[in-house]
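Asks: Here are the chains, one letter per residue:
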Amino acid sequence: MSSHTRTPAEIAARVKALESMLIEKGIMTSQAVDRMVEIYENEVGPQLGAAVVAKAWVDPEFKTRLLADASEACAELGIGGLQGEDMVVVEDTDTVHNVIVCTLCSCYPWPVLGLPPNWYKDPQYRAAIVREPRKVLRESFGYSISDDVEIRVWDSSSEMRYWVLPPRPAGTEDLSEEELAQLVTRDSMIGVGPLAGASR
Amino acid sequence: MNGVFDLGGTDGVGPVVVPDEEPVFRADWEKSVFPMFALCFRAGFFGVDEFRHGIEHIDPAVYLKSPYYEHWVHTVEYHGARTGKLDLAELDRRTQYYLENPDAPLPEHEDDPELLAFINAVVPAGASAKRESDKPARFAVGDTVRVSRGAPVDHTRKARYIRGAVGEIVLAHGVFIYPDTAGNGRGECPEHVYTVRFDATELWGSEGAEPNESVYFDVWDPYIELVEAATKERTSA
Numbered sequence: 006m007s008s009h010t011r012t013p014a015e016i017a018a019r020v021k022a023l024e025s026m027l028i029e030k031g032i033m034t035s036q037a038v039d040r041m042v043e044i045y046e047n048e049v050g051p052q053l054g055a056a057v058v059a060k061a062w063v064d065p066e067f068k069t070r071l072l073a074d075a076s077e078a079c080a081e082l083g084i085g086g087l088q089g090e091d092m093v094v095v096e097d098t099d100t101v102h103n104v105i106v107c108t109l110c111s112c113y114p115w116p117v118l119g120l121p122p123n124w125y126k127d128p129q130y131r132a133a134i135v136r137e138p139r140k141v142l143r144e145s146f147g148y149s150i151s152d153d154v155e156i157r158v159w160d161s162s163s164e165m166r167y168w169v170l171p172p173r174p175a176g177t178e179d180l181s182e183e184e185l186a187q188l189v190t191r192d193s194m195i196g197v198g199p200l201a202g203a204s205r
Numbered sequence: 054m055n056g057v058f059d060l061g062g063t064d065g066v067g068p069v070v071v072p073d074e075e076p077v078f079r080a081d082w083e084k085s086v087f088p089m090f091a092l093c094f095r096a097g098f099f100g101v102d103e104f105r106h107g108i109e110h111i112d113p114a115v116y117l118k119s120p121y122y123e124h125w126v127h128t129v130e131y132h133g134a135r136t137g138k139l140d141l142a143e144l145d146r147r148t149q150y151y152l153e154n155p156d157a158p159l160p161e162h163e164d165d166p167e168l169l170a171f172i173n174a175v176v177p178a179g180a181s182a183k184r185e186s187d188k189p190a191r192f193a194v195g196d197t198v199r200v201s202r203g204a205p206v207d208h209t210r211k212a213r214y215i216r217g218a219v220g221e222i223v224l225a226h227g228v229f230i231y232p233d234t235a236g237n238g239r240g241e242c243p244e245h246v247y248t249v250r251f252d253a254t255e256l257w258g259s260e261g262a263e264p265n266e267s268v269y270f271d272v273w274d275p276y277i278e279l280v281e282a283a284t285k286e287r288t289s290a
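Keeping their order, the protein sequence lines are chains A and B.
Take the position in the first sequence, starting the count at 1, then add 5; the result is the number in my numbering.
Take the position in the second sequence, starting the count at 1, then add 53; the result is the number in my numbering.
FYI, nobody ran anything at the bench for these hints, they're computed from the structure.
We treat Cβ as the ideally placed atom computed from N, Cα and C, and that holds for glycine.
Check before you lean on any hint, since a few could be wrong.
[As the list claims (entries may be wrong)] Think about it this way: if two alpha-carbon atoms lie no more than 20 Å apart in a straight line, the pair counts; the simulated SDA-like pairs of lysine to any residue are:
| id | chain 1 | residue 1 | chain 2 | residue 2 |
| --- | --- | --- | --- | --- |
| 1 | A | LYS126 | A | ARG191 |
| 2 | B | LYS118 | A | ALA201 |
| 3 | B | LYS183 | A | ALA80 |
| 4 | A | LYS68 | A | GLY83 |
| 5 | A | LYS126 | B | VAL77 |
| 6 | B | LYS183 | A | LEU72 |
| 7 | B | LYS84 | A | GLY31 |
| 8 | A | LYS30 | B | VAL66 |
| 9 | A | LYS30 | B | ALA114 |
| 10 | A | LYS60 | A | GLY50 |
| 11 | A | LYS68 | A | ASP97 |
| 12 | A | LYS60 | A | VAL154 |
| 13 | A | LYS126 | B | PRO264 |
| 14 | A | LYS30 | B | ASP140 |
| 15 | A | LYS126 | A | PRO51 |
| 16 | A | LYS126 | B | VAL66 |
| 17 | A | LYS126 | A | GLU46 |
| 18 | B | LYS84 | B | LYS183 |
| 19 | B | LYS118 | A | HIS9 |
| 20 | A | LYS126 | B | ARG79 |
| 21 | A | LYS30 | B | ARG199 |
[To be verified] Some residues of chain B that are not near chain A, with every Cβ distance over 12 Å (derived):
| id | residue |
| --- | --- |
| 22 | SER186 |
| 23 | ALA190 |
| 24 | ALA193 |
| 25 | ASN237 |
| 26 | ALA262 |
If we strip away everything but chain A, and leave its shape as in the complex, we get (with noise of 0.2 Å):
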């Protein structure tokens, strides 16, 4: 164990000189890391979440299904796979607000909302919002939460993996399934901020 911090020439290096011993090996190819990065800049992302939770808007029936069996019900739209083969979607309502961590690494589900911010990986999110989760939104977020609304933080200590489905604005029948997508944030699934357009 070492306790040098590695400057960002020194990571590059050791991370060169890994992948080079795995290339040998035959455990990774470039190829093999191209499509990995690939799938998460461009294919796997929070528009996939959104596009869950547009359909729960619009279709009750669906979202009854979703919020007994998460997994089953975004394998419907072909959404789910690697870190979230077994989800649970948690409601926000006038009385409760949710929001999700892993105060023990960095647990997210990445089929619906792709990889993680870096400040949800970070120890300062994980240390503070089980603590004091509405100091956390109101000063780092801008995201008041009323004292009459309770807020449930939701810790992904297990492979159960947990996200937010935000209540439908009002003023929005007009609006169709990919319109209402438009509005749903990667933090409103989060727990940590409003839909598009909303006031904070």
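With chain A fixed as given, assemble chain B onto it according to the hints.
Replies: Showing chain B alone in chain A's frame:
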């Protein structure tokens, strides 16, 4: 293990900093490290629980200050050495070479259709930790339970901030791989998983808790003991 990675409730680590925008990968080396989780899993370096435990072995000062994907480098090295699949002295030699020759190319190699097929299959399919089992559940939704105080010195998902706390089971998920065996190389030994709801005042006291807050935390069956069975269950029994 009681390590710094177990951060829930830790004070004094500073404010959450949220940039307006950031790329998925902040540097080319992060792109190379990310696929190592799936590819080294395939090559038998670790399971998911062992992968996490390798990260838990990082020097605490490095853990808190290093970029996220550097944690992954550490666990690949840790398990590579542990399994005899990686020669760390050779890794050090090559690191020095690439430090002095940062633009030197990677070894020439052929594409491997099997690795590409593996990536394209594992991303949409995943690898569920859920297991078929006829093992009876010791607890039910509605039960009031206490998390045991036991402090394992090796891998566990029993975070410090919930040990000894009393809460109510709100969800029962079925049977999953048990991290306290799997993460320590002792097999899957699947156990029931439940979500327990804790009032914030139970965790932080009335002085430390914010108003109207609760924390939902997943526990495996051996983590908890019964305080009071659900009323409904008792009536039907």
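Asks: Broken hints, numbered, in rising order?
Replies: Those not satisfied are hints 2, 8, 9, 12, 13, 18, 21 and 26.
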